[in-house]
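> Generate the whole structure from the sequences, applying the supplied hints.
The lines below spell out each chain.
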Amino acid sequence: MIVPTKGIAPQRSLLAVGAQILQILDAPLTVSQTWSRLRQWREDHGHAAPVPFWWFVLALDSLYALGVVDMRNEVLVKRRADATAPQLQ
Amino acid sequence: MLRRLSSNDARFKALFFHDGLNILVADTTRSSTETDSRNSAGKSSMVELIHFLLGGSGDKNSLAGHPELRATTFRLHLDWPGMADGVTVERSAANPNTVRLTPRPDGAAPGQLDLGTAVEVPLDEWQHLIEHNLFGLPSEHPGVSGRALLSFLMRRARAHAFNEPTSTFPKQSASEAMTNLAYLLGIDWKLADRYRQLQARENVSKQLNKAASDPVLGKVIGQAAELRGQIALAEHRVAEVQRQIDTFRVVPEYDNLRDRADELDRMIRQSRNDDVIDRANLADIERAVNETTDPDLTYLEATYNELGIVLSNQVRRSFADVKAFHGSVVRNRRQYLAAEMASIQDRLTQRETERSRVGEHLAQTLRTLNEGGALDALTTLQQVLAQERANLGGLRHRFEAAQALESNKLQIKQERVVLQQQMEADLGERGVIIDEAVVLFNRFARALYGHDREAYLRLGTSERSLKIEPHIASDNSGGIGSMVIFCFDLTLAVLANRAERAPDFLVHDSHLFDGVDERQVARALSLANEVCTQEHLQYIVTLNSDELAKVAHRGFDPAGCLLEQRLTDEFEGGGLFGFRF
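These protein sequence lines map, in sequence, to chains P and H. The first sequence: position 59 = 59 (my numbering), numbered continuously. The second sequence: position 167 = 167 (my numbering), numbered continuously.
Check before you lean on any hint, since a few could be wrong.
As the list claims (entries may be wrong) - Computed cross-link-like contacts, BS3-like style, restricted to lysine-lysine with a CA-CA straight-line distance of at most 30 Å:
#1 206/H to 190/H
#2 219/H to 171/H
#3 6/P to 323/H
#4 409/H to 190/H
#5 78/P to 323/H
#6 206/H to 409/H
Calculated directly from the structure, the hints in this document are not laboratory data. Keep in mind it's a predicted model, so treat the numbers as computed, not measured.
Laid out in structure tokens, this is it:
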């Protein structure tokens, strides 16, 4: 799920969707604004595979687990991973 | 001449008449009291009975139809042309539609119930014999009838015949009375009868006019102007239907063609539905194909790296593997989808071609259907045409009738004018005959009233009838009016008898002399006696004995004129019938 599998296309893997979220999260954004911009971005870049909202939430969860997004005052913010948690490597 | 009036009832006082003047006297008896009366002694009944025997009505309103007399058979013996011993007629109100004649007169159909010397004939046959033999009427004689003629020779008090000299009952139409009088006087009665016919036509016309203005009956006849409009409409409808029939083309197998057209239409719609489904499939496939194109993923690593996350080789390999895997799947899938798309597109094209072919076929079928109709449609049209034509014919007939009705009034008026001119001319040409009547009447009137009183018989015409006006100057005196009738009847009897247009008898009831001065009664009886002798006439009159005494006192000699049989005022057996009822 996080990485692509046979059943999950690379463009739908949580890691890929997470990267897409990170791309658009260049400034603090609300969740709904992030969701709407994500859909726009995927459309713009020809990602046709369906991504429902709950999948988007899962992607956000995994990003949070990686320590690269945080929620401050109900607004999503991007941060470096080494600032809070140990590196995955 | 009338000879004998009798009955099968022994109590009936048989009357024997003789030539000339016959006076039937109603007497008083020595035992008479002040309350006895000679009224209803049977004077008027005698006239009624003679009428009954000469073909008058025998219904229950007539004297002979009285319950007490119904069973009685009455008998009249009278002179008959060509029969030396005359004829006896018998009739009873119990069987009013048949009379028995003894012997059988010439002209009576031999096929009738022949009883040796006697014969039973139906009443209308008897009336016909009277008209033919006694009055000399031809077989066709519209407007003149033996019964009407007899009513002038034997006026009936019951029918109020003594009101007017020129009618025998109060409601008799002038044109009818005048036709019969014209016959007796020897004037062209056929011309006079045309007045009656015009009158009848006018009456019918009036009734119809009245009906035409009635809201319900008016619809049957209608007004000419209204009908003219309706006819124009009906003609238009007939022409319209006719035109439809002329241009109508019968399409063979109409119903099958129509079914075929429906079928084609359904096919086209089905094909369109199939197209919709196929197109949706096609779109789905196209989208599926697009989905399998994998966009570039190079941004992934850079993005995470930027946030200090380094994707492990494992992760990298996973992406690469899956990409390779997907690549192979997608290739296969593409091939499959492309084949699917091709086949769908093929189907769509095929259907398109099929549709245009079917559409062409449908258009042709519809054109055929549009140009004509089925055979039963033509039959229906022809039925409608027949109905409309019948309607038109009916309207035309009604129009003619309405037109005739509207012009009838004018026509009758014109015919009246022409008739009056003809009648006037006819009277002018018959001057000798008319003079004879005028002179005779004047002579009779002078015999009664002397030279001082103006007296004339005027024959003229009017728009509505022949006019016969006997007149003796008076101050509306009832008595003088009666004597006008006496003189007029005597004139009629003499003239008709001279020309053999009527039998030789005249009967008057004593009612005629009511209110007449006894001097005039005496003179009238003397005159009648004298005229009867001269003209071989029979004059039968009824009188009360005291009246007879007065006229005898005034110089009339009744010797040889009185009937042997006298009626009396004796309550039970004095009357004509010998009993009271």
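> Which constraints among the numbered hints does this structure fail? Numbers only, ascending.
The structure conflicts with hint 2 only, although it agrees with all the remaining ones.
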